[in-house]
Amino acid sequence: GNSVTQMEGPVTLSEEAFLTINCTYTATGYPSLFWYVQYPGEGLQLLLKATKADDKGSNKGFEATYRKETTSFHLEKGSVQVSDSAVYFCALSVRGSQGNLIFGKGTKLSVKP
Amino acid sequence: GAGVSQTPSNKVTEKGKYVELRCDPISGHTALYWYRQSLGQGPEFLIYFQGTGAADDSGLPNDRFFAVRPEGSVSTLKIQRTERGDSAVYLCASSFMIAGGTDTQYFGPGTRLTVL
Chain F
3 GNSVTQMEGP VTLSEEAFLT INCTYTATGY PSLFWYVQYP GEGLQLLLKA
53 TKADDKGSNK GFEATYRKET TSFHLEKGSV QVSDSAVYFC ALSVRGSQGN
103 LIFGKGTKLS VKP
Chain X
1188 GAGVSQTPSN KVTEKGKYVE LRCDPISGHT ALYWYRQSLG QGPEFLIYFQ
1238 GTGAADDSGL PNDRFFAVRP EGSVSTLKIQ RTERGDSAVY LCASSFMIAG
1288 GTDTQYFGPG TRLTVL
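Sequence order for the protein chains is F and X. The first sequence begins at 3 in my numbering and counts up by one. The second sequence begins at 1188 in my numbering and counts up by one.
Just so you know, these hints were derived from the structure itself, not from any lab. We put the CB at the ideal spot given by N, CA and C, even for glycine. Treat the hints with care, since some could be wrong.
[Said to hold, decoys possible] Dumping the calculated BS3-like pairs for lysine-lysine here, alpha-carbon to alpha-carbon at most 30 Å:
{"id": "1", "chain 1": "F", "residue 1": "LYS62", "chain 2": "F", "residue 2": "LYS110"}
{"id": "2", "chain 1": "F", "residue 1": "LYS70", "chain 2": "F", "residue 2": "LYS114"}
{"id": "3", "chain 1": "X", "residue 1": "LYS1202", "chain 2": "F", "residue 2": "LYS107"}
{"id": "4", "chain 1": "X", "residue 1": "LYS1198", "chain 2": "F", "residue 2": "LYS110"}
{"id": "5", "chain 1": "F", "residue 1": "LYS107", "chain 2": "F", "residue 2": "LYS62"}
{"id": "6", "chain 1": "F", "residue 1": "LYS62", "chain 2": "X", "residue 2": "LYS1202"}
{"id": "7", "chain 1": "F", "residue 1": "LYS79", "chain 2": "F", "residue 2": "LYS54"}
{"id": "8", "chain 1": "X", "residue 1": "LYS1265", "chain 2": "F", "residue 2": "LYS107"}
{"id": "9", "chain 1": "F", "residue 1": "LYS70", "chain 2": "F", "residue 2": "LYS110"}
{"id": "10", "chain 1": "F", "residue 1": "LYS54", "chain 2": "F", "residue 2": "LYS70"}
{"id": "11", "chain 1": "X", "residue 1": "LYS1204", "chain 2": "X", "residue 2": "LYS1265"}
[Said to hold, decoys possible] Label pairs and their calculated CB-CB ranges:
{"id": "12", "chain 1": "F", "residue 1": "TYR41", "chain 2": "X", "residue 2": "THR1194", "range": "20 to 28 Å"}
{"id": "13", "chain 1": "F", "residue 1": "ALA55", "chain 2": "X", "residue 2": "SER1196", "range": "36 to 44 Å"}
{"id": "14", "chain 1": "F", "residue 1": "THR73", "chain 2": "X", "residue 2": "GLN1267", "range": "37 to 45 Å"}
{"id": "15", "chain 1": "F", "residue 1": "THR22", "chain 2": "X", "residue 2": "GLU1270", "range": "15 to 23 Å"}
{"id": "16", "chain 1": "X", "residue 1": "SER1225", "chain 2": "F", "residue 2": "THR30", "range": "22 to 30 Å"}
Taking the hints into account, I'd like the entire structure generated from these sequences.
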């Protein structure tokens, strides 16, 4: 079946530190991969996505590369800010399906000044 | 423009009662999804509508759960004989349809359901 596994949190970093949140997936077919973010008190927002192998999604300084050989889509940011504190969800959608997303459990990030 | 809206934002009910949760998608989005998010978990798919019809209801946990979208816009998720295990945040998302699937899903703020 289709599933997403992401590193457990919480993750606590100091401002300007480097961030990596690991995400691996299992999928039949050819998935599209996503990172969603949930800021405190807000709804889920799409952060970035990649639809085929070797694509790199990027937004707000965050990046993730679709690695088919390692079935991974790790989220990275070179220098985190306090405003990046949120819960991050990795997700997949199997292309050709009806598009429902399969999410990981989420990783809570806290950035301290 | 307006995003996805959900009402109520919070709902507290007693075990055994009936509840309705409403979702108002982004105008023009033909695809609509319901998800359920339990504490400490990622959202789990419940049901997908394409237009007025439920194209995939494989995520509904049992026959106490039902959803409708009679005019292809607003959707209502209905839960009969609620149980304490139904307590969760219920999320709605909508998107355009594109060739080969659906476009980016936009999520509403959710309805937090608490069953006492």
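Against the structure, the hints:
About 18 Å separates the Cα atoms of LYS62 (chain F) and LYS110 (chain F), which keeps this hinted pair within 30 Å; it holds. As the CA atoms of LYS70 (chain F) and LYS114 (chain F) are separated by approximately 34 Å, the hinted pair breaks the 30 Å bound. As the CA atoms of LYS1202 (chain X) and LYS107 (chain F) are separated by approximately 27 Å, the hinted pair is consistent with the 30 Å bound. Between LYS1198 (chain X) and LYS110 (chain F) the CA atoms are separated by roughly 25 Å; this keeps the pair inside 30 Å, and the hint holds.
Distance hint between LYS107 (chain F) and LYS62 (chain F) is fulfilled; the C-alpha atoms sit about 22 Å from each other, no more than 30 Å. Proposed proximity of LYS62 (chain F) and LYS1202 (chain X) is contradicted: the alpha carbons are some 44 Å apart, above 30 Å. Taking the CA atoms of LYS79 (chain F) and LYS54 (chain F), the gap is near 21 Å; set against the 30 Å cutoff, the hint holds. A threshold of 30 Å between alpha carbons decides the hint, and for LYS1265 (chain X) with LYS107 (chain F) the separation of about 25 Å falls inside it, so the pair holds.
For the suggested pair LYS70 (chain F) and LYS110 (chain F), the alpha carbons sit about 26 Å apart, so the restraint of at most 30 Å is met. Pair hint LYS54 (chain F) plus LYS70 (chain F) holds up; C-alpha atoms about 9 Å apart against a cutoff of 30 Å. A hinted pair counts as satisfied when its Cα atoms are at most 30 Å apart, and LYS1204 (chain X) with LYS1265 (chain X) qualifies at roughly 11 Å. Evaluation of the 20 to 28 Å hint for TYR41 (chain F) and THR1194 (chain X) yields a pass: the beta carbon distance comes to about 21 Å.
Distance hint check: the CB atoms of ALA55 (chain F) and SER1196 (chain X) are about 40 Å apart, consistent with the given range 36 to 44 Å. Separation of THR73 (chain F) from GLN1267 (chain X) is about 40 Å and conforms to the stated range, judged on CB atoms against 37 to 45 Å. Hint check: THR22 (chain F) to GLU1270 (chain X), Cβ distance near 39 Å, so the stated range 15 to 23 Å is violated. At roughly 25 Å, the beta carbons of SER1225 (chain X) and THR30 (chain F) sit within the given window of 22 to 30 Å.
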